[in-house]
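All chains should be modelled from the sequences, with the hints used to inform the complete structure.
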Amino acid sequence: MTILILNKEMMPVVKEQDVVPFRNRVKEYATKIGMGLVNQTKLITAASELVRNMLKYGKGGKVYIEVVSKGRENGIRLIFEDKGPGIPDVSLAMKDGFSTGKSLGLGLPGTRRLVSEFDIQSVVGEGTTVTVIKWKNG
Amino acid sequence: MEKIPILRMGPFLLVTIQVDLYDRLAENLEADLVQMVSKTGAMGVLIDISAVSIIDSFMGRIIGNIASMSKIMDAETVVVGMQPAVAITLIELGLPLKGVQCALNVERGMDLLRAKIALNEGTPDDYFDTE
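The listed protein sequences derive, respectively, from chains A and B.
Using the numbering used here, read the first sequence as starting at -10 and increasing by one per residue.
Using the numbering used here, read the second sequence as starting at 93 and increasing by one per residue.
Hints should not be assumed to be uniformly reliable.
Label pairs and their in silico Cβ distance ranges [what the hints assert, rightly or not]:
1) Q110(B) x R14(A): 16 to 22 Å
2) D115(B) x K(-3)(A): 26 to 32 Å
3) Q110(B) x G23(A): 22 to 28 Å
Below 25 Å or equal to it, Euclidean Cα-Cα: the simulated DMTMM-like pairs (lysine to aspartate or glutamate) are [claimed, not checked]:
4) K45(A) x D112(B)
5) K16(A) x E184(B)
6) K45(A) x D115(B)
7) K16(A) x E94(B)
8) K16(A) x D115(B)
9) K45(A) x E119(B)
10) K95(B) x E5(A)
11) K4(A) x E94(B)
12) K4(A) x E119(B)
13) K125(A) x E70(A)
14) K72(A) x D115(B)
15) K4(A) x D115(B)
16) K51(A) x D7(A)
Just so you know, the hints here were simulated from the structure itself, not pulled from any lab data.
The model shown is predicted, which means the values in this text are computed figures rather than measured ones.
Ideal placement from N, C-alpha and C gives every residue a C-beta, glycine not left out.
This is the structure:
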């Protein structure tokens, strides 16, 4: 089934202070489509993890916040785009416990568990794009 | 510069986090709190997170750090008031906050702190208390 975009907004995230306003924006959209509190919390936590990764490894970038629909289900899609160094081995980065930074290494695999759909595309030297969708009831 | 206030309540320090923390604020809190433990000789730290709607891995690490730092400074830490949605998200994210004591609310958190401190000290007061 195709995914329709109902609404789209872009937010640049280039410094740490952009994180909280960005999270608030995601929350606004999630509230607007009537997403429940638990799913909202999962989505915003996932967004927070990804945006932190983007700042830390990709030196910031752009995030697209979209309201999407598939059939009768509405959801929020977030696309994180950076022009950072890229990830040489994506499957390794998706493993629980793996981290090149000094974090806990839950970033990507933990984040994937919080959302309904997760996709990562990365080209070394060009950048990384992470796309997540959280369905309203998913 | 915003700051998270740290209140002194008898032998304890009380921190109520009312805003969503961004990184610098959280790191400052960590440093301030350890300083305060050292300065006041507090025996316990109570962190109220009932107004916090998001805990990601960074925030989780800060909370864990505060607990371990306080511990080696001879103070116990109890985190109280976690929202149910936050608890669900933390576990799914894979962040069980190991080594951090939690209580449902401030009252139970205080009881837990008192119990832990009494246990650590085995104070004479408790010893001869025969009620």
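Hints versus structure:
no., hint, result
1, Q110(B) x R14(A): 16 to 22 Å, "holds, 20 Å"
2, D115(B) x K(-3)(A): 26 to 32 Å, "holds, 28 Å"
3, Q110(B) x G23(A): 22 to 28 Å, "holds, 27 Å"
4, K45(A) x D112(B), "holds, 20 Å"
5, K16(A) x E184(B), "holds, 19 Å"
6, K45(A) x D115(B), "holds, 12 Å"
7, K16(A) x E94(B), "holds, 23 Å"
8, K16(A) x D115(B), "holds, 19 Å"
9, K45(A) x E119(B), "holds, 16 Å"
10, K95(B) x E5(A), "holds, 16 Å"
11, K4(A) x E94(B), "holds, 17 Å"
12, K4(A) x E119(B), "holds, 16 Å"
13, K125(A) x E70(A), "holds, 23 Å"
14, K72(A) x D115(B), "holds, 22 Å"
15, K4(A) x D115(B), "holds, 11 Å"
16, K51(A) x D7(A), "holds, 11 Å"
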